[in-house]
Every structure is written in C-alpha cells, then in structure tokens.
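Asks: Please arrange chain E on chain V, whose structure you already have, making use of the hints.
One-letter residues, chain by chain:
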Amino acid sequence: MFELTQKNLNRSLAVAGAMFWMLLLMGYVTGEIFFPGHGLEGMGLAFVAFSFLCIMTYYEGSTLLLRAAGGKAIEKKHSPELFNVVEEMAIAAGLSPIPKVYIIKSDIPNAFATGRSPETAAIAVTEGLFDTCNRDQLQGVIAHEIAHIKHHDILYMTVLSVMMASIGHIGSIFRPQVYRDRWTGRRRVVGGAPIRMAASRLQTALKAGGAGSLIMVVGILLLFVGPLLAKILYFAGSRTREFLADAAAAVYTRNPSSLADALEEISRKTATLHHKSLPGIPKALLIVGPALFHTHPPLEERTAILRKLAGERPLSYRGYADAYTDVTGKSPSFFPSQALEDLTVGTIAPAQSTSSKQKQVHQKKVDDFVEENMPWVPGYRVRRSSDSKMMEDTTKVANCRCGAKVQIPPHVSSILDLACPNCHQPVYSTT
Amino acid sequence: MVDWSIIIPGALGALLFLSLMASYNGLIRIKNLVENSWNQIDVQLKRRHDLIPNLMECVKGYMKHEDGIFAKVAQARNLAQNAQNRSDKMEAEGQLTGALMSFISVVEAYPELKANQNFMVLQEELKSTENKIGFARQYYNDVVMDYNNKRESFPTMFIASFCHFAEEAYWQIQAVDERMVPKVSFSN
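Residue numbers (this note's numbering), protein chains in the order written: chain V, 2 to 432; chain E, 6 to 193.
A couple of the hints might just be wrong.
What the hints assert, rightly or not - Taking lysine-lysine and the DSS-like style, the derived pairs with C-alpha atoms no more than 30 angstroms apart in a straight line are:
{"no.": "1", "chain 1": "E", "residue 1": "Lys-65", "chain 2": "E", "residue 2": "Lys-155"}
{"no.": "2", "chain 1": "V", "residue 1": "Lys-270", "chain 2": "E", "residue 2": "Lys-132"}
{"no.": "3", "chain 1": "E", "residue 1": "Lys-119", "chain 2": "V", "residue 2": "Lys-106"}
{"no.": "4", "chain 1": "V", "residue 1": "Lys-78", "chain 2": "E", "residue 2": "Lys-65"}
{"no.": "5", "chain 1": "E", "residue 1": "Lys-132", "chain 2": "V", "residue 2": "Lys-101"}
{"no.": "6", "chain 1": "E", "residue 1": "Lys-36", "chain 2": "E", "residue 2": "Lys-51"}
{"no.": "7", "chain 1": "V", "residue 1": "Lys-78", "chain 2": "V", "residue 2": "Lys-101"}
By construction, these hints were calculated from the structure, which means they are not laboratory data.
In this text, all values refer to a predicted model and were calculated from it rather than measured experimentally.
Bound-form chain V, shown alone (with noise of 0.2 angstroms):
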C-alpha cells in the first residue's frame, strides 16, 4: 500500500517531456515567425517563462490557487464536522500533518486538494458539496483528496497544468479572436495578422525543404493543434490519476459506497445550476469534472467500479482493479503491482456505514426535493428507484460504453449475444 505512487512515474515523466519539448518547439517557431533568425532567443524565451511559472507555482501555486477560487482557511471551530472528516481520513491513510482546509464561498459541489507536498498541502471544499453530502459522502470525498496529496498528483497535476496553460497562451496568439462589436453590431476578427505571417512563413518552409525546413513545419503546425493536444496529454494522465484516487479512498473509508453516492449527488445537484465548474482552478483537480474533455472518466464508470466493490471483502487495491476490468474491459496497467499483491488488505478493521434506513430516508428527501422543484425531469423517481434496485439487485447488470444500462435477461448466458437498446453496439461490460 506504500508504493501506490511509483509505477505512474514514468508514464508520467514522459507526459511532461513531451510537453516541455512541445512547448520549446512552439517557442522558437514564434520567434522564427515575428523575428526571422531569432528562433532561439524565442525558444529562450519560452523557456524562461516557463521555469519563472513553475518555480512561481511551486512555491505559490496553492496559495494562488485558493486565492483564485475565493478559498478561506478555516479553523476547527468555524466547521467542526468538516474538520474532523479531514482528520479522520489523514488518520486513515497514515498521512502527518493533517492538510489545512479550505472553504470556497460556492454552490457548485466540489473539491480539490493542492500544495506541493504533503507537509503543505490543502483541501478546499465549496459550500455547496457540504451541503449537498451528507457525513458519510463527505467523507468519501475527503478520503479521495487525500489519496491525491498521498500520491503526490497534487505537484504533478499543477505543474503540467502550468505547462499546459503555456502552450496554450503561445497559442492563442494565433487564433483569431471574432466578437460583436457593442456600438455597430458588427462581427470583428482581431488577430488575423499573426496567422498571415505564420503561414508565409509555413510556405517559405514548404518551399526550401530540408531537415530545418522540416522543425519549422513541425512547429507551425504544433502552434495550431499544440494546445489541444497538450489538453489530451494532460487529461489522459489525469485520468488515470482519479482511478488511484478512488481505488485509495475506498480501501481508507472501506466503504465504496460513500464515494459512489457522493459522486451521483454531486452530478445531481450540478446538473440543476447554471455555473457547472468552478473558475481559476484547473479541471484535474477537482473530484468530478466538466464533460468536455474528460479530465475525468465517465462518472458512470466510476461509480459502477465503486459499487461493484461495495459488497467485497477483503477490500484491496486488487479487488479494484478486477473491478476496472470488469467494468470498462481494460486492463489496468497503470496499476502498480506491488499495490495488488496486497490481498488482504481491510480484513481486520470493520467498515462503517451508515445504515440503510439512514440511506432510504436520504434519497427520499433527494427524490422529494427532485419532484416539487425540478418538474423538468419527469418521471424521475421511478427511474432513480429502478435505477437503484438494478444496482442491488443480484440480476446481472450490463453497462454499456454509451452509458445505458441493459438488465441481462436470465436466459442469455453471454453478454456476447446481447445488443444495447440505447446504442446498438454490443453490450460492452457486465457488472
């Protein structure tokens, strides 16, 4: 359980090189564009922007961070229950100090943790995720927070983020900006004269040939399609972050459940506001986030793993990622081994839950809540209860790739055979 962190490290360092050497290329291309001849001063440059932000992020990056999104430090007296959940949830993944919290005047559900190490990290959470979670999911959440400081993603995640936001500031020199102008009503492009030039320069490059030729319509290209593709380099390492993540926070709550709930009320609740993510912090961080782009896996994905976990013991890092494969069909290789070997883990200690009745009497105030304020979902607590009795229900339950979920008749013996209603694709996994 110790060595959770070292098998992502290399995946990882590969992430950032590319996009350190992405960011470099784009550096000088820009330079070679405004100034011709000068492509290295503008590497040079970028350079030195870089390392002048990751030096500033990595000593004040959460400080920034939190800044940004309106956090405020709390003391244990102003949110004891919010405070203790912390403490419980450090005590449970042996983590020392306890993080300082944060609470973020928002009702948007959600949390994140930061800092660059675990001596200085923090957890914020919105008032809208105290809200919206009950004790049990809050701690769920928690626990997920902290497996992010424990697994050091914290530094990682905000680094490449930085790296991220470079590429992206170098390219949105090259990108039009079309707005309406406020007195004549008119559509303006500002910022056509930069494309001009790089793609002059893209024809001279075209037009000589050769290996330097080559760098440069590398380059050209990279300052167009650099930002997405730093987006999908850094998404796809994040992602596989979060699986950790909730792989942790279960075995140290021992109640997948809790986390599982939690991220269906918080999709719930955010589904009905206007603003769906927060401002200022980098979508990685957060516990659930915005579709676009997936920082995230599908939510759907994760809960299902989560649940399908709810019932095991012993609770392990290996019985999480069985459940993955069964779940989503890959397998998880960017588990570490040394994590799995671990069978036993969560044999001794019991589990604490709430109880079902607690359970019932929640999602009914959820299901009541839903019915007089939210006309526009009908039919939703019939949906939500069957939804639920399919997940307790020992009948097999498919999920489809395109989220739906195909109940198994009892006379189909493989899901093979089974086509989704939804998608028409082959029912892709069972839970």
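Replies: What follows is chain E alone, placed relative to chain V:
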C-alpha cells in the same frame, strides 16, 4: 597479478552484507511505523478519555435516573486509563466502546438534549473520536500486517529471528456488540 580467490569471496561477502543491511533497515523502518501508528491510536484514545467527563457533566442535569449507566461508563474509563500493556489496553478500550454505545442508546431517549448547544458540540466530537479510533486502528492493522508479512517472508525471516523481531498483534475486535456497525448518531 590479481588474486581472484580473495576478490570473489570478498565481493560476495560485501554483497551479502549489503543485502542483510537493507533488509534489516527495512524491518526497522516498518517496525517504527508500527510504533508510530500505535501512538496515533493512543492519542485518540486519550482524547476520548478526556472527552467523557465533559460529556457526562453536560448530560447529568437531563438524566436524573440513569446512575447505572454513568457508573458503568466511568468504571470502564478508569479501567482503560489504568491498563498497562497493549493487550490489556485493547481489551479495556473495547469495553469502554461498548459502555459508551449503551450510554448513547440511553441518551437518545432524551430529545431535549438536542437543544443544548454544548451537547451538540460534544456529540460531534465523540462521534469523530470514535471514527478516528476506528481509522487509526485500521491503519495500525494494515501496517502490522505489512510488518508481519515482511518478518515472515524469505529472506528477511533470518534477520528477523536473529535480531528478535517479535510478531506484532492485530487489534482485533473483541466484544460482539463492538463488531456491529458503530452507531454513534444522536439524530435520527
């Protein structure tokens, strides 16, 4: 002229020494982790001991005819405080947990307590302390398991037996009612 008959055994000896050293250090590291995680439990147990008198004081005014349960909790607390070695402590703390749980079930019959601000604070504290004890114990058991695994596996077992690394005991759950889901909620 190189004398291989000295160098090869010498190199093998050095290698052996290094690997022995590494496994010894590994054992020491995890043994210290066991100690440290035990201390973490201890801290929380002490918190609970300090919390109980305050809680009793707070509810006494409301619960006039429940002397039996007060005495039971106080006695269990005394026993737990005076426990000397680790296994006694585990036993006594288990009983204190049981006593506290029956105390809580009695408290639930006094709804007027919920209006008491002071009581609500103490209630959250007790709930959290119980949780912390549970999680600290969980972590302790995980670490002990790692330690015992290491102690018994090849080749570390030779070093472990030579240097007298004793097996560490898990904190098992003793009382039957403690094994049930700890229900430390005052609200319904």
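Asks: Could you run down the list of hints and mark each one as holding or not?
Replies: Now the hints, each set against the structure:
1. Under the criterion of a C-alpha separation no larger than 30 angstroms, the hint pairing Lys-65/E with Lys-155/E is inconsistent with the structure, at around 50 angstroms.
2. Under the criterion of a C-alpha separation no larger than 30 angstroms, the hint pairing Lys-270/V with Lys-132/E is consistent with the structure, at around 27 angstroms.
3. Under the criterion of a C-alpha separation no larger than 30 angstroms, the hint pairing Lys-119/E with Lys-106/V is consistent with the structure, at around 28 angstroms.
4. With a CA separation close to 25 angstroms, the supplied pair Lys-78/V and Lys-65/E stays within the 30 angstroms bound.
5. For the given pair, Lys-132/E sits about 21 angstroms from Lys-101/V by alpha-carbon distance, which is consistent with the 30 angstroms threshold.
6. A threshold of 30 angstroms between alpha carbons decides the hint, and for Lys-36/E with Lys-51/E the separation of about 23 angstroms falls inside it, so the pair holds.
7. At roughly 14 angstroms between alpha-carbon atoms, Lys-78/V and Lys-101/V fall within 30 angstroms of each other, so this suggested pair holds.
Checked against the numbered hints listed earlier, the structure breaks hint 1 alone; every other hint is satisfied.
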